[in-house]
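A.B. asks: Chains as they are written, first to last, in our numbering: chain X, 1094 to 1399; chain Y, 292 to 566; chain B, 63 to 334.
Hints listed in this document are in silico derivations from the structure and should not be mistaken for laboratory results.
Be aware that a few hints might be false.
The calculated EDC-like cross-link candidates involving lysine to aspartate or glutamate, where the alpha carbons are at most 16 Å apart (straight line), are [said to hold, decoys possible]:
#1 X:K1279 <-> Y:D304
#2 X:K1291 <-> Y:D319
#3 Y:K464 <-> Y:E423
#4 X:K1294 <-> Y:D319
#5 Y:K520 <-> Y:E412
#6 X:K1235 <-> Y:E306
#7 Y:K464 <-> Y:D370
#8 X:K1279 <-> Y:E310
#9 X:K1235 <-> Y:E423
#10 Y:K426 <-> Y:E363
#11 B:K134 <-> X:D1216
#12 Y:K417 <-> Y:D350
#13 Y:K314 <-> X:D1282
#14 B:K99 <-> Y:E462
#15 X:K1279 <-> X:E1234
#16 B:K243 <-> B:D81
#17 B:K243 <-> B:D258
#18 X:K1235 <-> Y:D304
#19 Y:K426 <-> Y:D367
#20 Y:K425 <-> Y:E371
#21 B:K286 <-> B:D258
#22 X:K1235 <-> X:D1206
#23 B:K111 <-> B:D242
#24 X:K1279 <-> Y:E306
#25 X:K1235 <-> X:D1282
#26 B:K68 <-> B:D258
#27 B:K99 <-> X:E1124
#28 X:K1173 <-> B:E123
#29 Y:K504 <-> X:D1240
#30 X:K1291 <-> X:D1240
#31 X:K1173 <-> X:D1197
#32 B:K99 <-> X:D1197
#33 X:K1155 <-> B:D242
#34 B:K297 <-> X:D1197
#35 Y:K426 <-> Y:D396
#36 Y:K495 <-> Y:E371
#37 B:K68 <-> B:D230
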Amino acid sequence: MAIYFQKREVVVPGQLLAEGRYRPSYGTYDENGKIYSTLVGLAELRGNTVKVVALEGAYIPKEGDLVVGIITTVAGNNWKVDIGGPYGASLHANNALRRPYSDDISEYMDIGDVISAEVLAFDRQIGPFLSMKGRGLRVLEKGMLLDVSPAKIPRIIGRRGSMINMITDHLRIQTVVGQNGRIWIKAPDIASLRLTIKAIKTIETQAHTSNLTERINTMLAAEVAQLRPAAPSKKAGKKTEKQAEDEVAEVEQSADVGDETIEAVENDRDLESDMEDYLDEESETTASDDAEDESDDTVENEDVKK
Amino acid sequence: MSDFSSQTISHIDREFIAELLGKGERLDGRAFDQYRDIQVEANVVPAKAEGSALVRLGDTSVVAGVKVLVGEPYSDAPDEGVIMVTAEMSPIASPLFELGPPKEDAIELARIVDRGVRESEMVDAKKLCILEGKKVYMVFADVYPLEYDGNLIDASSIAVNVALLTTKFPEMKVEEKELVATGKILSLPVANIAVEHTIVKIGKHLILDPTLKEEFVQDCRLTMAIDEKNNFTALQKGGGTGAMSLSLIEQAMDMALVAGKDIRRKIDESVKAVK
Amino acid sequence: MSPETKPDYLISPEGLRVDGRRPDELRPVELKVGVLKQADGSASIRQGKTYIIAGVYGPRELHPRHLALNDKAYLRVVYRMATFSVPDRKKPAPSRREKEISMVIANALSPALFLEEFPRAVIDVFIQVIQADGGTRCASINAASLALADAGIPMRSLVPAVAVGKADGVIIVDLGDEEDKYGQGDVPIAILPPTDEITLLQQDGFFTRDELLEAIQMGIGSCKYLHELQKDALKRAYVRKTPDGEPVEEEDEFEDDLETDLGEADMPEEDE
C-alpha cells in the first residue's frame, strides 16, 4: 500500500497517486491496482479513498443544482435554457407555471430572460431538465451577470456560504450563485459592483490556495473603508445605532436573496461530510478572534430571524 | 452586429450596459472615448516571416505576419507591386466563431482592414517593381485573431501597420533571366500610415473600442481610417441595423481624430523598439 | 522569401547536426499553459524556432447536431498553419496536408481522453502554427495535451510526441526544418507514458528494420523527457501563489475547504 502525493498537492493527468487497497474516486482512474489522476487538481486522501479536486472543467449538471440560465428559445410548452457547458437545458411549463396557463408561454418568460432554476433530472443521454417550482426561483431582473469557472463555485460560496455571505455583508449586495458558473449580482452602486467582481475574480484565480477567506475579508474591509469612510465595515468594530438599524433593514430586504444563497449551499449537502475535518479548525479561530466584534452582529441577526 | 445568431444576449446584460452608459460609465471603468490598454510586440515570427506583430487590445489579441514574395504584376498595373491584406475569424479566438469558410462578418473584417492599408496608399506600390511587366514584389499581410473580446478591426489594423513597418526582405533583381539576391536588405516603401478606429452606437451614446459585451448590444458601428495628416481615408458603417444621425457621425469623427494621435504614437514606439 | 539552400552536410565530421546538436539531443523547449483567455484551455510551445499555440473548447454543444455521437464526445482537431509561418507563404485556405495532420493529431490524442464522459458533446482542439521549423505535428500534440488538461478534460495521461529521423545514416531526434526536408526519413511518434503505448506512428523515408526499431526506441525515450517538461509546465501554472506572486510553503493546517464535486461525484462511504 503506498500513497504518492502530499496533501493538497497539484497533480496532473496520468500522475500515479496510490497503489494497493485504495478506492479510486472522482478525478481518478485505476489500472492494474494503481490509481492515477485524470485531472489537473488537488489530490486528497479521505480514509482510503483517493480523489482529485478539479481546478477547471465545464459545467456538468447534477440533480438539485441551483443554476442561473438564459432563455434562448421557446418551443411549444418548453423553454430552452442556456446554462453553459455541453448540455443545453429544457424547462417545461408545468415545472414553472401554475395551471391553467396560456398557449403562448412566451407571455410569461421570453427569449433573453434570466432565471434561477433547479436541475430536476439529468443523465448524459438526455436533459438536463429544470424546474422553477422551488422557493425563491424566479426571473431575475436588473443587476448584472458574471461568468466564472464552474469548478471555482464551491470556493466562491464557501463552507455553508461563509465566503459569499461575507462578500454580500461587506458590500451590501444581493447575489444568486449558480452552480453552472453564472453569478447574478445586484449592487447599490457601481463601486460596490466593481469590488464584488474584483473579489470574485480574485477567488477564481486563487481558489487553490489557503487562507483565502481571510485575505478576501481583509481586502474588502480595506476597500469598503475607503469607499464609505463614515460607515466602517463589520470587521472594524462597533457601529452606531443608526448604522445598526440600517443594516437590519437591509438584511430584511435581502431575505429573499439570503434564501437563495442558503439554497445554493444546501445543494452542496454531499460535500458537508467532507467538510467536517476543517469545520472544527476554523470555528475555533473565528470564535476567539472575532468574539468581541461579532457579538453585536449576532444579536441583530437573531432578531431578524424571528 | 456580426452574425452570432446562436448567441442570445440576456436582458440583464443589455439593460445593465445601457444603465451604465446612462450614468456615463462603462463596465471596465473606461471613458467613452478611451482605448483599452494596448500592447504591441513586433517581430514575433523572426525566422519565417518578413514582418510580424502581436497586438493586445484589452483582452483581444491578434497576430499579423507579412510575407514578401516575387511574382507577376497585374496586367493593368505592370510596374506596380501587389499588396494584399487578409484576416480571418479563427475559431481558436472565440466560442462564437464557427469552423468553416469565412462568413459575411469575417469577410467584412478582412476587407475593412485591407481597405485601411490600400486606400491610404500606405505602401508605395510603384517602388515594388523589379522588372516591369515581369517581376514585382508581392506583399501579403495576414491577420489571425487569438483572443476575441471585441473590436478585432482596430487590433488588426494596428497589427498590420506594425508588421508592415518592420518588414525586412532581401532585395532581388533579374540577371540573365534569373532572379538573384543582391545581398541588400530592404524595408517596405511606406508613404503613409492609416489606422482604423471603431466607434459603436448604443442608444444615444457613442463609445470607442467596444468590448465583446458592448458589441452584443450595439445598434451599429462606424469604423474610420485616419492617416498621419488627419485625413479620413476609409469609412465603413456596419455591425447592426441601427441608424445614425449626421451629428452623431460628426461626433464620432472627432472622437476618432483625437484617439488617432495616441495610437500612431504607440505604433511608432513599437516600430522603434525593434530597430 | 529568403531562398532556402540545402546545407552541405546534415551531420558534421564531429558528429554534430546543422544547429550543433548531438543526434539524441532535443531543441530547447518552452511550454506555457493558460495563454489564451477565451479558450477553455490553452498552451503554447516553442521547440527551437517552431512556435505553436493550441486552444481547446469543450466539452461543448456540437453543431451540426448530426456529427454528435451517442456514447462519447466527438474529438475535433483543426491544425492550421499561418500563411507567414513558412518561407514560401502558405495559401490561407485549409490544405489537404493540414486536414491529414488534423486527423493524425486527433488519433494521437483520443486514446488519452475519457471521451465517454461527455456523450453528444464535442471537444474542439484548435492548433495555430505561428512559425514552422520542423516537427510541427509533434509539437502540436505536446501543446494540445496541455491545453486539454488546462480545460479540465479528464485524461489517462498527457501525450508527448517527437519526430525522429535519419540524416547521413545517423538516427536523429527532433527534426529541424532542414533535417526534415533534406534528411533520409521522418518518424513522428507519440506515446502514453504510463504504459509506453504508442498513439501516433508514421514513417516516411528509408529505414532498415533495425534502424526503424532504433528510431522508435529513441523516440520513446525523448517522449519521456518531453513528458517531464509537460508535467512541469502544467504544475507551474497552478503553483500556490500568494497575491504577491511568491510561492508559499506547504502548510499543515488548512483553514478553508476546497472540495468540489463537478460532474458525477462518486463518494463512497467512509471506511474508518
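A.B. asks: With reference to the structure, classify each hint as holding or not holding.
C.D. replies: Here's how the hints hold up against the structure:
no.: 1; hint: X:K1279 <-> Y:D304; in the structure: holds (12 Å)
no.: 2; hint: X:K1291 <-> Y:D319; in the structure: holds (11 Å)
no.: 3; hint: Y:K464 <-> Y:E423; in the structure: holds (11 Å)
no.: 4; hint: X:K1294 <-> Y:D319; in the structure: holds (14 Å)
no.: 5; hint: Y:K520 <-> Y:E412; in the structure: holds (13 Å)
no.: 6; hint: X:K1235 <-> Y:E306; in the structure: holds (7 Å)
no.: 7; hint: Y:K464 <-> Y:D370; in the structure: holds (14 Å)
no.: 8; hint: X:K1279 <-> Y:E310; in the structure: holds (13 Å)
no.: 9; hint: X:K1235 <-> Y:E423; in the structure: violated (66 Å)
no.: 10; hint: Y:K426 <-> Y:E363; in the structure: holds (5 Å)
no.: 11; hint: B:K134 <-> X:D1216; in the structure: holds (13 Å)
no.: 12; hint: Y:K417 <-> Y:D350; in the structure: violated (38 Å)
no.: 13; hint: Y:K314 <-> X:D1282; in the structure: holds (11 Å)
no.: 14; hint: B:K99 <-> Y:E462; in the structure: violated (40 Å)
no.: 15; hint: X:K1279 <-> X:E1234; in the structure: holds (9 Å)
no.: 16; hint: B:K243 <-> B:D81; in the structure: holds (15 Å)
no.: 17; hint: B:K243 <-> B:D258; in the structure: violated (29 Å)
no.: 18; hint: X:K1235 <-> Y:D304; in the structure: holds (9 Å)
no.: 19; hint: Y:K426 <-> Y:D367; in the structure: holds (14 Å)
no.: 20; hint: Y:K425 <-> Y:E371; in the structure: holds (10 Å)
no.: 21; hint: B:K286 <-> B:D258; in the structure: holds (9 Å)
no.: 22; hint: X:K1235 <-> X:D1206; in the structure: holds (11 Å)
no.: 23; hint: B:K111 <-> B:D242; in the structure: holds (14 Å)
no.: 24; hint: X:K1279 <-> Y:E306; in the structure: holds (13 Å)
no.: 25; hint: X:K1235 <-> X:D1282; in the structure: holds (13 Å)
no.: 26; hint: B:K68 <-> B:D258; in the structure: violated (36 Å)
no.: 27; hint: B:K99 <-> X:E1124; in the structure: violated (35 Å)
no.: 28; hint: X:K1173 <-> B:E123; in the structure: holds (13 Å)
no.: 29; hint: Y:K504 <-> X:D1240; in the structure: holds (12 Å)
no.: 30; hint: X:K1291 <-> X:D1240; in the structure: holds (13 Å)
no.: 31; hint: X:K1173 <-> X:D1197; in the structure: holds (15 Å)
no.: 32; hint: B:K99 <-> X:D1197; in the structure: violated (40 Å)
no.: 33; hint: X:K1155 <-> B:D242; in the structure: violated (50 Å)
no.: 34; hint: B:K297 <-> X:D1197; in the structure: violated (53 Å)
no.: 35; hint: Y:K426 <-> Y:D396; in the structure: violated (34 Å)
no.: 36; hint: Y:K495 <-> Y:E371; in the structure: violated (45 Å)
no.: 37; hint: B:K68 <-> B:D230; in the structure: holds (13 Å)
The structure does not agree with the numbered hints 9, 12, 14, 17, 26, 27, 32, 33, 34, 35, 36 stated previously, though it agrees with the rest.
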